[in-house]
Amino acid sequence: MTKEEALYEFLIRLGDNALILGQRLGEWCGKAHQLESDIALTNVALDQIGQARLLLTEAGRIEGKGRTEDDLAYMRGEMDFRNNLLVEQDNGDFAHTIVRQYIFDVFQYHLLKGLQKSSNDFLKAYADKSIKEVTYHRSLSHDWMLRLGDGTELSHQKMQDALDDLWEYTGELFEMTEADDVLIAEGMIPKLSDIKKIWEEEVEATIQEATLKVPDTLGFMAYGSRKGIHSEYLGYILAEMQVLPRSMPDAKW
Amino acid sequence: MSTDQGMLWEVFVQAKPGIPHKHAGSVHAPDAEMALKSARDVYTRRREGTSIWVVPANMISATTEQDADSFFDPADDKVYRHPTFYTIPEGVKYL
Amino acid sequence: MDIAEKEKQFQDKIDSGQKIEAKEWVPENYRKQLIRMISQHAHSEIVGMLPEGNWITRAPSLRRKAVLLAKIQDEAGHGLYLYSAAETLGVERGELIDQLITGKAKYSSIFNYPTLTWADIGAIGWLVDGAAIVNQTMLARGSYGPYSRAMVRICKEESFHNRQGYELLYDLAQGTPEQKAMAQDALNRWWWPSIQMLGPSDADSKNSGETMRWRIKVESNDTVRQRFIDRTVPQAEAAGLTIPDPDLKFNEETGHWEIGEIDWTEFYQVIKGYGPCNKKRLRARQEAEHEGEWVREAAKVYAEKQAAKKTKAA
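Chains as they are written, first to last, in this note's numbering: chain U, 48 to 300; chain C, 825 to 919; chain B, 95 to 408.
Derived by calculation from the structure, the hints in this document are not laboratory data.
Do not take every clue at face value.
[Stated by the list, open to error] With a straight-line Cα cutoff of 27 Å, these simulated BS3-like cross-link-like pairs (lysine-lysine) come out:
| # | chain 1 | residue 1 | chain 2 | residue 2 |
| --- | --- | --- | --- | --- |
| 1 | B | 107 | C | 840 |
| 2 | B | 100 | B | 113 |
| 3 | B | 343 | U | 78 |
| 4 | U | 176 | U | 238 |
| 5 | C | 902 | U | 179 |
| 6 | B | 200 | U | 78 |
| 7 | U | 260 | U | 171 |
| 8 | C | 902 | C | 917 |
| 9 | C | 846 | B | 107 |
| 10 | B | 374 | C | 902 |
| 11 | U | 244 | U | 179 |
| 12 | B | 113 | B | 250 |
| 13 | B | 113 | C | 846 |
| 14 | C | 917 | U | 176 |
| 15 | U | 78 | B | 198 |
| 16 | B | 113 | U | 299 |
| 17 | B | 394 | U | 78 |
| 18 | U | 299 | U | 171 |
| 19 | U | 50 | U | 160 |
| 20 | U | 260 | B | 404 |
| 21 | U | 299 | U | 112 |
| 22 | U | 164 | U | 244 |
| 23 | B | 406 | B | 394 |
| 24 | U | 78 | B | 374 |
| 25 | B | 250 | C | 846 |
| 26 | B | 343 | C | 846 |
| 27 | U | 78 | B | 113 |
| 28 | B | 113 | U | 260 |
| 29 | U | 50 | U | 78 |
| 30 | C | 917 | U | 179 |
| 31 | B | 274 | B | 198 |
| 32 | B | 366 | B | 198 |
| 33 | U | 78 | B | 406 |
| 34 | U | 160 | U | 112 |
| 35 | U | 50 | U | 299 |
| 36 | U | 260 | B | 107 |
| 37 | U | 78 | U | 160 |
| 38 | U | 260 | B | 366 |
| 39 | U | 243 | U | 274 |
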């Protein structure tokens with residue numbers, strides 16, 4: 048695997064995470080429990096779509112086949128997407144959305160911290176810009192973890208259910224492939240196994256503070272996204288997202 | 825069903841460093857921390873601010889219209905509080 | 095001071111062009127009219143999020159998706175500024191939302207029309223927001239300070255909405271034959287509802303007298319409507335689109351565009367609840383409020399627990 052191939056894979060992985068999570072958060076529009084939260088969720092969605100555009104544009108450049116951000120977002124099939132299973136899971140209730148968000152925010156935050164030291168100019172600049180947004184996302188979802196976990200009996204139960212449902216998708220956030228090895232050797236990216244330790248400490252502390260329990264999955268974790276094997280959700284997400292450019296391939300928008 | 829929106833907070837935004845905070849509007853939030861975040865998302869989407877204050881709306885006391893005459897009119901005739909009241913000889917500087 | 099005297103002072107203040115501020119004495123009907131208007135306006139913003147939200151997941155480019163998200167977020171912000179302004183008149187947002195979801199309050203009936211194609215998103219920005227801006231620029235000159243200031247802020251933010259909508263539709267009109275047909279179809283469906291959203295003709299408008307005297311509104315519906323038409327017709331021409339009105343003509347003498355007769359039957363039908371999406375829109379707001387109740391409750395209980403802990407520690 049060449050350096051360029053590895054970098055393309057890594058950029059697509061990050062870009063697809065941002066895109067699919069942004070897409071999911073966009074589904075919340077007009078449905079939140081309060082206007083303030085509608086606005087907050089849209090902010091996070093906008094930040095993620097913004098990141099996706101940066102990352103996919105760079106991925107297209109590195110690939111060198113002239114593909115744009117939109118070619119990559121709208122003209123790839125689901126087996127070519129490399130987003131984590133976590134971000135494609137459905138919104139569920141607000142508890143599921145918050146747990147998914149918090150788990151991802153802490154992961155993204157520490158990944159960006161590592162990328163700030165990247166030897167690759169693009170990755171470093173991307174991380175320096177995005178860490179500010181993600182610091183805010185993490186603080187917001189952390190606030191909600193505590194308020195819902197330690198709120199009413201009902202909210203506590205909903206949060207525990209959400210944690211139990213989503214925990215099996217945390218493992219593959221940290222799965223490393225050949226691309227990781229190539230880029231680590233170049234000093235371009237941090238080791239996901241190192242991030243895993245910091246992530247676990249931080250997330251588990253929050254879970255406890257929120258009076259919730261770390262789910263016991265008996266060591267079982269879901270894998271697949273690194274090879275393009277997704278959950279059933281992704282097909283529907285893409286069908287909806289890509290419908291216009293796919294049905295009118297000659298059109299510009 | 826209760827549509828209770830939680831506490832009402834008045835929001836004050838400082839547009840840039842060195843100038844006073846100015847009233848921007850209000851948000852509903854259960855506590856100060858969330859009120860600050862909501863205020864940030866609602867009132868500084870276009871980078872309108874460098875600092876935000878939130879105050880529980882019910883903690884603000886205001887003068888009433890009935891007070892207006894007695895509060896503010898007595899200041900009308902105190903022209904000696906303004907520098908232009910005083911005559912300074914031609915050529916004298918730094919006054 | 096008796097009521098008659100207070101009312102005279104109040105009217106003098108308004109006639110001299112001064113703004114009325116929160117907590118000042120106002121005639122009860124002024125307060126009622128304002129709450130009705132501001133809350134209807136706020137409801138319109140948040141119901142207005144729904145037809146546009148319908149296309150967020152299907153926006154055909156990432157740039158358009160980001161723009162649409164930002165625009166709809168603004169609508170939520172505008173709803174919030176307006177509820178804030180209404181709350182200065184001594185009514186709570188929760189109460190106003192309750193009126194909305196129980197069907198007691200009205201909102202702009204234009205949002206009871208469906209967004210069937212992507213071009214409709216352009217039409218909303220160009221026509222619906224275009225009409226709204228003309229109306230809101232007028233309302234920004236109104237007598238109630240908090241409402242007027244909210245309008246100033248909203249108008250500033252809306253101008254991007256208007257431009258992005260026009261750009262979207264303009265690009266479609268220059269695109270493939272299929273895209274062009276889509277743009278023309280959207281104009282055909284949204285033109286008359288946009289003309290109507292500025293309210294009944296002056297002759298049939300029942301709230302006009304008092305609201306004009308108190309400067310809640312400073313121009314009549316027909317005046318505002320004419321301004322919108324004069325602005326919009328040349329924009330349609332520039333995009334190569336045809337306004338669906340065979341009677342449309344330019345009057346050289348007055349310098350105004352004259353439109354054919356407005357068919358108000360459909361307008362009143364939609365207002366009475368029989369538009370294409372009235373039930374769907376209302377149900378969406380009801381569901382959001384119902385499904386969010388546990389979240390609002392949990393946040394409140396958490397805040398109370400924290401406050402109790404603090405008191406105990408002190």
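When the hints from earlier in the document are held up against this structure, which numbers fail? Failing hints, ascending: 1, 3, 5, 7, 10, 14, 16, 18, 26, 27, 28, 29, 30, 31, 33, 34, 35, 36, 37 and 38.
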